[in-house]
Structure formats: C-alpha cells, structure tokens
Amino acid sequence: MLPKLVMRQAPSKAMVYLSPVLALVLTLVASIVLFLIMGVSPAAAWHAFFLEPISTIYGLTELVVKATPLVLIGVALALGFRAGVWNIGAEGQLILGGIFGGTTALFFYEKTGFHIIPLILIMGIIGGMLWAAIVAFLKTRFNANEILTSLMLSYVADLLMNLLIHGPLKDPDGFNFPESRLFSDSALLPILYEGTRLHIGAIIALLVVGIGWILLSRTLLGYQIKVIGDAPAAGEHAGFSPTKIIWITLLISGGAAGLAGAIEVSGPIGQIVPVISPGYGFAAIIVAYVGRLHPVGVLFSALILALSYLGGETAQIKLNLPLAVTGVFQGLLLFFLLASDVLIHYRLKFTQQATL
Amino acid sequence: MIKKTLSIIAFAASLTATGIASAETKVGFVYVGPIGDHGWSYQHNQGRLAVEKELGVKTTYVESVKEGADAERVIRKLAADGNDIIFTTSFGYMNPTNKVAKKFPNVKFEHATGYKRGKNVSTYSGRFYEGRTLLGTIAGKMTKTNTIGYVASFPIPEVIRGINATIIAARKVNPDVKIKVVWVSTWFDPGKEGDAAKALIDQGADIIMQHTDSPAPLQVAEKRGVWAFGQASDMKAFAPKAHLTAIIDDWAPYYVERVKAAMDGTWESKDTWDGFKTGMVVMAPLSEDIPEDVRKMVKEQEKMIIDGTLHSFQGPIKNQKGEIVVKEGETMSDKDLAGMNWYVEGVDGTIPK
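Taken in sequence, the protein lines are chains E and X.
In terms of the working numbering, the first sequence opens at residue 77 and continues consecutively.
In terms of the working numbering, the second sequence opens at residue 106 and continues consecutively.
Among the clues, some could well be false.
To be verified - Simulated pairs of lysine-lysine, DSS-like, Cα-Cα distance not exceeding 30 Å:
{"no.": "1", "chain 1": "X", "residue 1": "K171", "chain 2": "E", "residue 2": "K394"}
{"no.": "2", "chain 1": "E", "residue 1": "K187", "chain 2": "X", "residue 2": "K382"}
{"no.": "3", "chain 1": "E", "residue 1": "K187", "chain 2": "X", "residue 2": "K277"}
{"no.": "4", "chain 1": "X", "residue 1": "K171", "chain 2": "E", "residue 2": "K246"}
{"no.": "5", "chain 1": "X", "residue 1": "K204", "chain 2": "E", "residue 2": "K246"}
Claimed, not checked - A short, non-exhaustive set of chain X residues, derived as facing chain E with CB atoms under 8 Å:
{"no.": "6", "residue": "V167"}
{"no.": "7", "residue": "E168"}
{"no.": "8", "residue": "E172"}
{"no.": "9", "residue": "G173"}
{"no.": "10", "residue": "E177"}
{"no.": "11", "residue": "R178"}
{"no.": "12", "residue": "D186"}
{"no.": "13", "residue": "N200"}
{"no.": "14", "residue": "S258"}
{"no.": "15", "residue": "I261"}
{"no.": "16", "residue": "P262"}
{"no.": "17", "residue": "V264"}
{"no.": "18", "residue": "W292"}
Claimed, not checked - Here are the computed distance ranges between Cβ atoms for each label pair:
{"no.": "19", "chain 1": "X", "residue 1": "K207", "chain 2": "E", "residue 2": "M228", "range": "56 to 64 Å"}
{"no.": "20", "chain 1": "X", "residue 1": "N211", "chain 2": "E", "residue 2": "Y299", "range": "23 to 31 Å"}
{"no.": "21", "chain 1": "E", "residue 1": "L98", "chain 2": "X", "residue 2": "N446", "range": "44 to 52 Å"}
{"no.": "22", "chain 1": "X", "residue 1": "D281", "chain 2": "E", "residue 2": "N221", "range": "31 to 39 Å"}
{"no.": "23", "chain 1": "E", "residue 1": "A220", "chain 2": "X", "residue 2": "E362", "range": "57 to 65 Å"}
Bear in mind the hints are in silico, worked out from the structure with no lab data behind them.
Please read these numbers as outputs of a predicted model, since none were measured by experiment.
Ideal Cβ placement from N, Cα and C applies to all residues, glycine included.
Put together the whole structure using the sequences plus the hints.
Following this line, the structure appears as structure tokens:
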C-alpha cells in the first residue's frame, strides 16, 4: 500500500481559511513533546513564544518593525513567483538598496531638508533594481537560470558591502572599525510612536500590500503575470511577452528589496553596518509561500514569522531555552502550514502499486 | 487601554529606577555566536557561569544575536525585564547598547571591545596581543618552512594587532619568518575556517594560527600533521597533537568584579583593557612538543609583560615598506594600538580595503 497524492477537484473553501488555524493547533500539539523533552511547561513556552512578545505596546511595535522588510519583499517576490520568475536573490538586492540608500544618507551628513529621506528611499529602490536588472538581462538575453544568478549575486553583494564598509564608507573617527557614521537626524526615518522604533516604513509596507493586491487582481499586468505563470504557452499565444514580464517582475521585486534595505539602514539601524539583514531576503521567500503568494496572505505570514523570531528571544530570556529549540519550533510551524496547504489541494490515495 | 498599559510600563520603570541591587540582582548577557562555539561566545558564557556560582545571582543570556537591527531589541528587552547590569559581548553591539543605555539610565551596561562609553556604559576588552607575542615566539622558533599561516576574520584593528604582534615576536627569534594571511570574512564558520587552513598549509605554512572562533583550523592542522594554536579557549581536545597552546580569554574575574560593584553600589563607568597582569588573558598549558628552552623563554616573556619590562609593540617597528614607524626605545600608545590599520614588516599581502 503506497500513498499517492491525488489532486482534489476543488479545494474546500472553508479549509483554505481554516488551514492556518489547523497548522497552528498541530504545531502547538507537536511542540508539547518538544518542550516536555526540554523540561519546560508547554503552557509557559507557548506564552513566551506567542503572547509575551506582544503583551506590551512596545512589543507590538517591535513586531511591526521586524515584519516590515518581510512584508515589503514578500509581496514583491509573490508577484514574480506567480509569473514563474524565481528571484531567490532578494537578500543581495536588499544589500544593494542598503548601500545606495545608506550612501545617500551619508552624503547628506549633518545637512537638513525634507528631500533627504525620499531621496534615500528612491536610491534604495534604484540600487535593488540595478542588482535585479543584471538577473533579468542574463535571463532574457542568455537564458541564464535566474535562480542561480540571483542567488550568486547575493554573495557578490555581501562581499561588495564588506569592501565598502572596510573602505570608503567607514566612519573616519571610528578607529577603523567597519561601521559607517551614525546618520544625521534628517536622514533617519520619522518615528510614528514616540519612544519606540516604529517608523514610516510600516506604512509604506501596508501601501505596498494594497498596491500589490490591486495590481494582481485589477490590472492587465496582473492578469498577464498570472497567465504567463500558469500557462506560458497560452500567454504567448495571447500576445503577452514573457520577456516583458521577466523584466517587470524582477525590477519590482528588486526595487522592493532595495527599498527594504534603505528602510533598514535609515530606520532601526541608523547607520551602515557590515550585515544589515539577518536574512530577510531569504525569509521573505518562505513568507511569500506561506502567504499563498497573495499580498494580504503575505502580510499575515510576515507577522507570524516575525512573531516567531521575537518569541525565540523571549523563550531564551524567560525559560533559558537554547536557540536551537526556536529553530525546531519554527520548523514545525512551517512544516504544518505547508503540509496542510498541500492537503487542501491534494488528497492521499492508497494504491497497490506505485505508478511512475 | 493604552493609558493602562502605559501606567504599567511607568510602574515597572519606577521599580527598576529604585535600583535596589542585592541578592535579587539580575544580570543579562548578549552573545554574538552560539555558546557552543568553543571560542569567543563560549568563553563569555564561562564568565557568566562564574558570576552565577560566585555571587549566586540570577543570570540570563541570549545567544546568536545578529549585529543589525535585532541587537537593540534584545538589549532593550533585557533592560526592560529588570536586569541590573547587562554585558553585550560583540563590537557590533556598540551603538545599540548606547542607544538603549540612554533610555534606561538606572541599568548598567558593559560593552566588550567598543570605544563609546556613557554614564552607565563601560567598555572592556583583553590585550590579546600579549598572548600573540608568546605565540609568535613559539612559532618563530618551531617553524621549519619559515611560514606561519594565519586564518583571519575581518580587517579590524583587533585582528591586525594580533597579526602584527605575532610577526614582531617571531622575527626577534627568527628574522626569516613571514606570515601569510587568509581572510574568511566571518567569526564563526567551521567550513570556511578549515578551508583557509588547508590553503595555508598548501602554501607551505607549518604553523596555523587563527583569529576566528571555531576549532576547525586546528582539526585541519592535526590531520595534516602541522602545529597550531587554539583561540579564545583551550582547544586541546580538538587537536591533541597539533595544539601547542592557546590564548584563553578569561572574563570570569572581570565579570564577577563588575557585578559585585553593581551590587554594592560602587559601579562606575570606565574603560578596561587588561591582559596577563589581571588574568583577563591567560595561556593554556604549553605542549611538551615545544622545546624546553623555548618554553622557558616564553614563561620569561610572560613574566616580563606582567611586570612591564616587555611590551608587544616596542620599537624599532618597521612597516611593510621597511620604514621605521616606532623608534627604538619607544612603545606604541594605547590610542595608536586601538586604531591600528597597517601591517608591520614580515606580513605577506595587503590589508583588504
């Protein structure tokens, strides 16, 4: 008896919405075992993971700060993934955005003006777009696999950042440590709630969710993206240009990642440092898929992933749980989310023989 | 609702504001790596355990905290949770630590390896270069190929100081020796560190040194039959034959002293840069494979560094072009050492810019 996945005729509407809840419940149940092995009360552990981090206003704002880059990149990546364009290198595009935006901020060191912040953000978008444009060019001109080129360019971006931060971007009064000057106040994103780190990037992220939604559901471009992704041959037959879609989706996702990079350096970090992202560009791929490649879904999945990072810190602080437990816990959550997702669209059928 | 939460925050803040430090003193630690790295973060965690054992206070740590936007949140969380003194143990935590310190004036902060201090922010680091001087002496005496291989992390003054101290000491006992450096751009990545060690051995190095945190370079040295030194902790267990000795970062005495000061109210912001003298830097036992006269010489040097008759950066010191930078009879100031960004004579290659 071998199990086999058979596509359902139509996914159950109720389950599409219930599956995240189901996944959460399954994660909670499975984690009982995990926490009991570690000698911690599951109730205390759940509290540390899910409630404690957002039990204060400050905690809530931190959740939003952490989720902001994930939302920005996740929404844009989802557009590309819908079209079958696999940009795996958002991390590199984010770094370029940080370099471009951060350099702009340093250019206006000790200067004032309301044009500085828009310029930083625009330069960030341009930096990310340029990095993604290389991928688009290689893909459309030489048919180079964008998964490989975009991923490899992430490593190039990382080394480029190292080169610059140990060289021209280094703080002249910083004893040769690889950090830039702290940006002037005029180059720091306005704070939305005094005393916290909640910055206008959160509003920009929400706008991006709205724009992404409208683009996908209400515009011709969105329709083209979906058709090219689902049925490339039909798309071409209808006269849609795959080359155009590759360029547009890569520029959008690169620009969004670059914007996220500029927002990180001029927001919560406030200077250029060698590592400006703990892997947001890669985490956003997970966010996009857990969010079912839907802008609103991405918003929620980014919040869930951000909460699990914050929860991991709280679990270490409150319960002395090692970081590895957080990793296992996050893994369980993702596993159940994706597994229940698969089972919405497919069902298990037991057959006598494996059909190849 | 907001009002209520705010009043709770205010109440919590007033509790920490009273600053009653006693047996209920809480101490927080932030580590850049996993406590199982057997190097940098491992040694800081040993210091934490010593504080718990000797003072019976409650400690909390968070490991593998990234040096970007995440650091500030973690440090702030520890402060808001009522920790009375918080140790942030990586250079990249400097600005986040100072930012949080301004918002929590009654919490004391201790930042390792940085240079920014405040009313409630102290800095501390070890003079690890003193240990490098001894390693350089041993390496200079024991190398057959006159090539020392150096696995380096990032071209910051701390690392460059270590490379320079090594070659200065090595050249005193063996004028022909040179150092080859491979930069791996990471503090902890056993794969990369091991590969770098292999490349260095292939280029003729018969002694491997490292300024990264994992024991991987030692394990490679053990396999390839060359000598090596441990980093931050005694790493003999990972390479019983190759391991000649190690520079050990011993944070325990400092951590105990500072937490005690916080408890009895004598804590003040200051900068500490200690070496052999106070025991912040100590040597692991010297391997029997080091010739006896060399062992004697090294012990003698250690004594001289402690009583001040020997300094790792005594003139004459030449740069790579052969120009004298530090004159005979002079020693480099702490300020110059803190910002060191040039190689001395005998180092192969250039500092990545």
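So, going through the hints one by one against the coordinates:
With a C-alpha separation of about 19 Å, the suggested pair X:K171 and E:K394 falls inside the 30 Å cut-off, and the hint holds. Note on E:K187 and X:K382: the hinted pairing is violated, with a Cα-Cα distance of about 47 Å set against a maximum of 30 Å. Distance hint between E:K187 and X:K277 is unfulfilled; the C-alpha atoms sit about 51 Å from each other, more than 30 Å. The suggested pairing of X:K171 with E:K246 holds, with an alpha-carbon distance near 20 Å, which does not exceed 30 Å.
At roughly 20 Å between alpha-carbon atoms, X:K204 and E:K246 fall within 30 Å of each other, so this suggested pair holds. For X:V167, the shortest C-beta to C-beta distance to chain E is roughly 5 Å, which falls under 8 Å, so the interface hint holds. The restraint placing X:E168 at the interface with chain E holds, with a minimum CB-CB distance near 5 Å, inside the 8 Å limit. About 6 Å separates the beta-carbon of X:E172 from the nearest beta-carbon of chain E, less than 8 Å, and the hint is met.
Interface restraint check: X:G173 against chain E, minimum CB-CB distance 5 Å, threshold 8 Å, status holds. Interface hint status for X:E177: upheld, as the beta-carbon distance to the closest one in chain E is roughly 7 Å, under 8 Å. With a least beta-carbon distance of about 5 Å to chain E, the hint placing X:R178 at the interface is held under the 8 Å criterion. About 6 Å separates the beta-carbon of X:D186 from the nearest beta-carbon of chain E, less than 8 Å, and the hint is met.
With its C-beta approaching chain E no nearer than about 7 Å, X:N200 sits inside the 8 Å limit, and its interface hint holds. Look at X:S258: its Cβ only gets to about 11 Å from chain E, farther than 8 Å, so that hint breaks. Hint status for X:I261 relative to chain E: holds, with the closest Cβ pair at about 6 Å, below 8 Å. With its C-beta approaching chain E no nearer than about 5 Å, X:P262 sits inside the 8 Å limit, and its interface hint holds.
Nearest Cβ of chain E to the Cβ of X:V264: about 10 Å, over the 8 Å cut. The hint is violated. Interface restraint check: X:W292 against chain E, minimum CB-CB distance 11 Å, threshold 8 Å, status violated. A C-beta distance of roughly 42 Å is found between X:K207 and E:M228, which places it outside the suggested range of 56 to 64 Å. Evaluation of the 23 to 31 Å hint for X:N211 and E:Y299 yields a failure: the beta carbon distance comes to about 59 Å.
Range check, E:L98 to X:N446: Cβ separation about 57 Å, and the 44 to 52 Å hint is violated. The given range of 31 to 39 Å is broken by X:D281 and E:N221, whose C-beta atoms sit roughly 50 Å from each other. At roughly 59 Å, the beta carbons of E:A220 and X:E362 sit within the given window of 57 to 65 Å.
Going down the numbered hints, you'll see the structure goes against 2, 3, 14, 17, 18, 19, 20, 21 and 22, while the others check out.
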